[in-house]
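Novice: Sequence:
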Amino acid sequence: MESDSAARASHCPSISSQKYSMEDDFISELLGFDKNYGSKVNQSSNASRMDIESHHYPLNSSGQCDEMSKYLSEFKFGQTFKELMQAKKDVDMLHEKLKLSEKEKANLQLQFDVLLAENYQIKYLKKQHDEINQKVNELQEDLSDKLKAHRKWKKEAESCCMQLSEKSKTIRKMKKDRKNLWSIFKRFAHKLENAGLLTMKEKNIIKKSEEQNTLDSDDAFESEGL
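In terms of the working numbering, the sequence shown opens at residue 53 and continues consecutively.
These aren't lab readings, by the way, just hints derived from the structure by calculation.
Heads up, some of the hints might be wrong.
[Unchecked claim] Below are the DSSO-like pairs computed for lysine-lysine, each with C-alpha atoms no more than 30 Å apart in a straight line: (1) K221 <-> K260; (2) K255 <-> K225; (3) K187 <-> K198; (4) K227 <-> K243; (5) K219 <-> K206; (6) K238 <-> K219; (7) K157 <-> K175; (8) K140 <-> K157; (9) K255 <-> K227; (10) K231 <-> K219; (11) K141 <-> K122; (12) K260 <-> K243; (13) K187 <-> K175; (14) K200 <-> K187; (15) K141 <-> K151; (16) K225 <-> K243; (17) K219 <-> K207; (18) K259 <-> K231; (19) K253 <-> K243; (20) K225 <-> K260; (21) K238 <-> K253; (22) K228 <-> K238; (23) K253 <-> K227; (24) K140 <-> K151; (25) K228 <-> K259; (26) K155 <-> K140; (27) K228 <-> K243; (28) K151 <-> K134; (29) K221 <-> K238; (30) K231 <-> K260; (31) K219 <-> K200.
Since this is a predicted model, take the numbers as computed values, not measurements.
Model the full assembly from the supplied sequences, consistent with the hints where possible.
Specialist: This is how it looks when you write it as structure tokens:
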């Protein structure tokens, strides 16, 4: 019985004198505060080695080895469980980020659709603006041609007015000269008539000429009034 215990104890892992790590702390806590085991740690000033003394059972007992294996298994299980919980938490965070990304994508798509509609409207308005500008340019060209024609016509009209004015002056001068000439002719005819040198036929011709001259003078006055 004692030989079996010694054999099983020989297969148990030995406790090293390394500094504290996470697993060493956990094992030390289990060995030091369990209700079945107690330990006392003495640290020498000359070395960093720790001596663990058992108060109830020897450290190399088979029961303690099984308990240590059990606690180590539980420790590893706990670590794995923590890792799984952390992984689940990370996955949940990724799901939340995915939802936010989908929502943001929907908002961006909505904004894109609005901008696309505005862009279409801007293109339509630009097309209308270009058509209006083209019509305005055509009207400006037409107006420019009409203004040129109007200036040309005005210039021709002014030239005609000047010519008409010159002709009117010439006509008035001719009428004045004719009137003076007729006045001289009448005086000369009266002198001939008073001297008895005119025949009846000549008197009738002079009378008709005088009436015709009066009619021409009236027509001339009317045309000058117009």
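Novice: Could you run down the list of hints and mark each one as holding or not?
Specialist: Against the structure, the hints come out as follows:
For the proposed pair K221 and K260, the alpha carbon gap of about 28 Å is at most 30 Å, so the pair holds. With a C-alpha separation of about 28 Å, the suggested pair K255 and K225 falls inside the 30 Å cut-off, and the hint holds. With a C-alpha separation of about 16 Å, the suggested pairing of K187 with K198 holds against the 30 Å cut-off. For a cut-off of 30 Å, the pair hint linking K227 to K243 stands: about 24 Å separates their Cα positions.
Note on K219 and K206: the hinted pairing holds, with a Cα-Cα distance of about 19 Å set against a maximum of 30 Å. Restraint check for K238 and K219: the C-alpha separation of about 28 Å stays at or below 30 Å, so the hint holds. At roughly 26 Å between alpha-carbon atoms, K157 and K175 fall within 30 Å of each other, so this suggested pair holds. Distance restraint check for K140 and K157: the Cα-Cα separation of roughly 25 Å lies within the 30 Å cut-off, and the hinted pair is therefore satisfied.
Note on K255 and K227: the hinted pairing holds, with a Cα-Cα distance of about 24 Å set against a maximum of 30 Å. For the suggested pair K231 and K219, the alpha carbons sit about 18 Å apart, so the restraint of at most 30 Å is met. Restraint check for K141 and K122: the C-alpha separation of about 28 Å stays at or below 30 Å, so the hint holds. A hinted pair counts as satisfied when its Cα atoms are at most 30 Å apart, and K260 with K243 qualifies at roughly 18 Å.
Distance restraint check for K187 and K175: the Cα-Cα separation of roughly 18 Å lies within the 30 Å cut-off, and the hinted pair is therefore satisfied. Between K200 and K187 the CA atoms are separated by roughly 20 Å; this keeps the pair inside 30 Å, and the hint holds. Between K141 and K151 the CA atoms are separated by roughly 15 Å; this keeps the pair inside 30 Å, and the hint holds. A C-alpha spacing of about 27 Å is found between K225 and K243, which places the hinted pair at or below 30 Å, so the restraint holds.
Restraint check: the Cα-Cα separation between K219 and K207 comes to about 18 Å, which is no more than 30 Å; the hinted pair holds. The suggested pairing of K259 with K231 holds, with an alpha-carbon distance near 16 Å, which does not exceed 30 Å. Under the criterion of a C-alpha separation no larger than 30 Å, the hint pairing K253 with K243 is consistent with the structure, at around 16 Å. The straight-line distance between the Cα atoms of K225 and K260 is roughly 24 Å, inside the 30 Å bound, and the hint therefore holds.
About 16 Å separates the Cα atoms of K238 and K253, which keeps this hinted pair within 30 Å; it holds. At roughly 15 Å between alpha-carbon atoms, K228 and K238 fall within 30 Å of each other, so this suggested pair holds. Proximity of K253 to K227 is assessed by CA-CA distance (about 27 Å); at most 30 Å being required, the pair is judged to hold. Proposed proximity of K140 and K151 is supported: the alpha carbons are some 16 Å apart, at most 30 Å.
At most 30 Å may separate the alpha-carbon atoms for a hinted pair to count; K228 and K259 meet this at roughly 20 Å. The hinted pair formed by K155 and K140 meets the criterion: a straight-line CA distance of about 22 Å does not exceed 30 Å. Only pairs whose Cα atoms come within 30 Å are accepted, and K228 paired with K243 is accepted, the gap being roughly 23 Å. For the hint linking K151 to K134, the alpha-carbon distance of about 26 Å falls within 30 Å, and the restraint holds.
With a C-alpha separation of about 25 Å, the suggested pairing of K221 with K238 holds against the 30 Å cut-off. A threshold of 30 Å between alpha carbons decides the hint, and for K231 with K260 the separation of about 16 Å falls inside it, so the pair holds. Proposed proximity of K219 and K200 is supported: the alpha carbons are some 28 Å apart, at most 30 Å.
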